[in-house]
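Please take these sequences and the hints and turn them into a complete structure.
One line per chain: the protein sequences are A and B, in this order. Per numbering that gives the first Met the number 0, the first sequence starts with residue 0, numbered consecutively. Per numbering that gives the first Met the number 0, the second sequence starts with residue 0, numbered consecutively.
Keep in mind the hints are simulated off the structure, nothing from the lab. Keep in mind that a hint or two might mislead.
[What the hints assert, rightly or not] Which bits of chain A does chain B cover? Going by a derived footprint, with three or more residues having C-beta under 8 Å, they are:
#1 479-490
#2 496-503
[Unchecked claim] Here are the in silico distance ranges between beta carbons for each label pair:
#3 Asn82/B <-> Arg82/A: 43 to 49 Å
#4 Pro166/B <-> Arg158/A: 47 to 53 Å
#5 Glu150/B <-> Gly472/A: 32 to 38 Å
#6 Trp134/B <-> Pro262/A: 48 to 54 Å
#7 Pro96/B <-> Asn138/A: 52 to 58 Å
#8 Ser334/A <-> Asp137/B: 54 to 60 Å
#9 Trp134/B <-> Ser334/A: 52 to 58 Å
#10 Gly472/A <-> Glu201/B: 43 to 49 Å
#11 Ile260/A <-> Lys99/B: 37 to 43 Å
#12 Pro96/B <-> His263/A: 35 to 41 Å
#13 Asp33/B <-> Pro262/A: 53 to 59 Å
What you are looking at is a predicted structure, and each value in this text was computed from that prediction instead of being measured. In this text, a Cβ means the ideal position worked out from N, Cα and C, and glycines have one as well.
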Amino acid sequence: MTVEFIQLLVVGLVTGCVYALSATGLVVTYTTSGIFNFAHGAIGMLGAFTYWQLTVAWGWPAWVALPVVLLVLAPLFGGAVERVLVRPLHGASVDVTLVITLGLLLFLLGAANYIWDPATSRVLPELFKGGGTSIAGVNLSRQQILIVVMAIVVALALRTLFSRTRIGIAMRGVVDDPDLCAMSGASPARIQQLSWAIGAALASLAGILIAPKVGLSSLQLTLLVINGYAAALFGRLKSLPRTAVGGILLGILVEMYPVYISPHVPGFSNTAGELTKAVPMIFLGVLLLFLPSARLRTSTAAGRIAPTVPGLRQSLVGGVALVVGAVFLTGLLSSDNLGIATSVVVLAIALLSLVLLTGYSGQTSLFVLTFVGLGAWAMGHSGHSVLGLLWGALLAGAAGALVALATARLRGLYLALATFAFAKGMDEAFFYFHLGSGQQLEIKRFQLLGLDTQSASTFFLLCALVLAVASVGVLAVRRGRWGRQLTALNDSPAACATLGVNTTITKVVVFTAAAAMAGFAGGLYGSSRGIVTNNDFAVLGSLALLLAVRVGGINTITGAIFGALTITMFPEIQKHVHGLPDKLQLAYLLTGLAAVSVGRDPDGLGGQFSKLGHYLRGLRTPPPSASGAPDFEEARLVHS
Amino acid sequence: MSTPSQTVDLETYVPHVDHTYDPRDPEVALYVDDVSVRFGGVQAVSSATIAALAGQVTGLIGPNGAGKTTTFNVITGLESPTNGRVWLANNDVSSLPPYKRARRGLARTFQRLEVFGTLTARDNILAAAEFRRSWAHDHSDPRQVADELIERVGLGHVQHERVDMLPTGLARLVELGRGLATRPTVLLLDEPGSGLDTAESEALGDLLIELAQEGIAVLVVEHDVDLVMRVCNRIHVLDFGRIICVGYPKDVQADPAVQAAYLGAED
Chain A
0 MTVEFIQLLV VGLVTGCVYA LSATGLVVTY TTSGIFNFAH GAIGMLGAFT YWQLTVAWGW
60 PAWVALPVVL LVLAPLFGGA VERVLVRPLH GASVDVTLVI TLGLLLFLLG AANYIWDPAT
120 SRVLPELFKG GGTSIAGVNL SRQQILIVVM AIVVALALRT LFSRTRIGIA MRGVVDDPDL
180 CAMSGASPAR IQQLSWAIGA ALASLAGILI APKVGLSSLQ LTLLVINGYA AALFGRLKSL
240 PRTAVGGILL GILVEMYPVY ISPHVPGFSN TAGELTKAVP MIFLGVLLLF LPSARLRTST
300 AAGRIAPTVP GLRQSLVGGV ALVVGAVFLT GLLSSDNLGI ATSVVVLAIA LLSLVLLTGY
360 SGQTSLFVLT FVGLGAWAMG HSGHSVLGLL WGALLAGAAG ALVALATARL RGLYLALATF
420 AFAKGMDEAF FYFHLGSGQQ LEIKRFQLLG LDTQSASTFF LLCALVLAVA SVGVLAVRRG
480 RWGRQLTALN DSPAACATLG VNTTITKVVV FTAAAAMAGF AGGLYGSSRG IVTNNDFAVL
540 GSLALLLAVR VGGINTITGA IFGALTITMF PEIQKHVHGL PDKLQLAYLL TGLAAVSVGR
600 DPDGLGGQFS KLGHYLRGLR TPPPSASGAP DFEEARLVHS
Chain B
0 MSTPSQTVDL ETYVPHVDHT YDPRDPEVAL YVDDVSVRFG GVQAVSSATI AALAGQVTGL
60 IGPNGAGKTT TFNVITGLES PTNGRVWLAN NDVSSLPPYK RARRGLARTF QRLEVFGTLT
120 ARDNILAAAE FRRSWAHDHS DPRQVADELI ERVGLGHVQH ERVDMLPTGL ARLVELGRGL
180 ATRPTVLLLD EPGSGLDTAE SEALGDLLIE LAQEGIAVLV VEHDVDLVMR VCNRIHVLDF
240 GRIICVGYPK DVQADPAVQA AYLGAED
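Here you go:
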């Protein structure tokens, strides 16, 4: 073994310890509260920034600031999150907990960018500068030694907590049966709160330790701590020792990859080193592939009103109204504003795919922009002809089919994680390569039957027409045989299977259709923007869009339009409303806030209005589901 | 748990099985062959053998937690047994996924409802009829099938209501209609009578007898003793995952082991 190998092994071990710390926090909260905290990375980021604020900006000594952040602020924050957001979610479906924690992620990211302007560069010094030792030619900095020591201390502390202390044993008990645990005198709520406090502290520790190495960027830190997801999954979200091993393996893999593996990747030997950032997501994806098959279970539809589906006549009227409205707008808006309106319309077409995939069929998707991006990329490489739209749809559809086949056995949280891993992996591996680091793809408008789409108004009208047709089509699908099948799959996959439905095929078909639709929209998106970069298709954008559509009502056309409108308009509002600081990220802040507020209702705002309508008409509210499904009414009472 | 009035040592008790069948017997539509299920440290089902005959209603009764629903899950393929096999009409289907078993004529209802809650009662049954048509490639008209079944299970008055707005008893009938829409040869019913009033329960009993007369093998899990005694041709009794008794209704009722199981469980 060469010295270089051992050196890399050591560096990998250190990186792995950070992943392990982060993942451990995630697993502790998951096992005690049953909620996978997608905001874990954002909490770690917040911890690191707070620590920077105390030490660098305010000049506190590290030995004061570190305990203040890790033992006071982070646990308080974690406990508060549990009290305000998590506790009312008791018994909620995976889908709801996903929306709430993703909403928190976006909100924290927006808040951090507001408080700490991302344009200013900040450096978080290592806890112990320089120094270090060299053993047999292998260098070890003090920071590296400290990280390993910290990881060992945390591991021992958690071990003692869970095996020796009353509350720790109760924490293990609460997973198995919260009610039984409550009867034996332990308060499940308190235990859960403690676990969130611990989770936040561990996330912050990971953030503080890794920030000196990767830089103090809110986005990078959030995504980096997210790499801990892969380690957590290695421990099947249950076992802390396995999680630690997973973290260390991942760390070593990440450090070894550019030196020992990428030169041997056929066809990529020169550039594959840049794939390093995608390694954790590939690791995560592979782990997901080898998860044992999820047993078919009910997905819970309790509290869902599922707004009435408009009939053919009503949807045709809606479609015509949309086109007429668009014609009206072309006379009203300047060409700049028409460009913005076009973005809204094109995005709405892409988001209709979410209505189909997530709204109707209940398949969680955190990667809508990935398919939009593939569509745009195909458009840019097909001579700017209208055929590019079809190529885009085909390419995205094929990718969607592949993902569906690979994830056929996954549902709920694991499906969400898989789509997230795919989106982030594509970010790092595909989009970064082809559209990243200063590259950009130029996409010209196409010719269609002699129609000149160069003009902003013609292109806008064309897109509005596509949106109208697509909306009418999606509604027709929903009313028809296939729509019944998708709804059935959403309401009870188990029942579908016992009625002879091959749920895998249904899933592959709907993923393919939705991805193709997003890909088609991607071609239009590219043509409308003229130039696209990798930032247009980042995974966080997909999250924000999913949340925005959820807020608007994910099983309605209005939900898709609402989502497109809010996400496109927030930056515009910001530019034009006097007095709003331009670093205020309205899109993240408000979408996150809205998601955590109405995310409990699977029907979003549409559902709220629908419920209000039912209430006004004196209809009874739906009875709590007989299947012991989550009781949303109760959750809401606690919340309000 | 207090001591039952009649003590029967379940460990050594040998059921007097006078109802043994061969899975290859053409009359046996469903044969559960020595099935055991273990969840971690819990033995949910242990060496259960159950035969359901075409044209008969077979009862599967037992105290709560006896393993009845688990047995249904094993039969339909939603759960894998630790041991044992499942036969459908002379074929070993143990390695088939749930949807393939359904296509071989197996249908079921669920104790914990698995309705398509956001669809109407009629659309639930229509969807099932459409599923059947898509895999059986027959020329049935799903709409006609749905209308007939709505009438048959007695849901005409609520057919346009969303199922999650219906009372549990009616939702169970939706599941029954949905199962029938696939034209099964074996029908598993998990507590179809719970949530129904006396008149509705009586109508259900009539329907079950009728279905059996049409040649379907009906296997029913039910707590309503009157219903079970009235409709079942034969009854299997499960307790702590073991079949402790198989027999005709009146024999089962008089069986000391069955009485012990029920009395023991009620305390």
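Q) Regarding Pro96/B and His263/A, is the given constraint of 35 to 41 Å on their beta-carbon distance met? A) holds (39 Å)
(Q) Is 37 to 43 Å respected by the C-beta to C-beta distance linking Ile260/A and Lys99/B? (A) Given about 41 Å between the Cβ atoms, the range holds.
Q. If you check the beta carbons of Pro96/B and Asn138/A, does the distance land in 52 to 58 Å?
A. holds (55 Å)
Q: Tell me if chain B covers the region 479-490 of chain A under the three-residue, 8 Å CB rule, please?
A: Our answer is that it holds, as 7 residues pass the Cβ test (under 8 Å) against chain B, meeting three.
Q: State, for the Cβ atoms of Asn82/B and Arg82/A, whether the hinted interval 43 to 49 Å holds or is violated.
A: holds (48 Å)
**Q.** Verdict for Glu150/B, Gly472/A (Cβ pair) under range 32 to 38 Å
**A.** holds (34 Å)
Q: Take the C-beta atom of Trp134/B and the C-beta atom of Ser334/A, compute their distance, and say whether it sits inside 52 to 58 Å.
A: The hint (52 to 58 Å, Cβ to Cβ) holds, given that Trp134/B and Ser334/A are roughly 54 Å apart.
Q: For the range 47 to 53 Å, tell me whether the beta carbons of Pro166/B and Arg158/A fit it or not.
A: holds (51 Å)
(Q) The hint says 54 to 60 Å between Ser334/A and Asp137/B; measuring C-beta to C-beta, is that right? (A) holds (58 Å)
(Q) Tell me if the beta carbons of Gly472/A and Glu201/B are separated by a distance inside 43 to 49 Å. (A) holds (48 Å)
Q: State whether the coverage of the region 496-503 of chain A by chain B holds or is violated, taking the criterion as 3 or more residues with Cβ-Cβ distances under 8 Å.
A: With 7 residues in contact (Cβ-Cβ under 8 Å with chain B), the coverage given for the region 496-503 of chain A holds.
Q: Can you let me know if the beta-carbon spacing of Trp134/B and Pro262/A is within 48 to 54 Å?
A: holds (51 Å)
Violation of the numbered hints given earlier is absent; every hint is satisfied by the structure.
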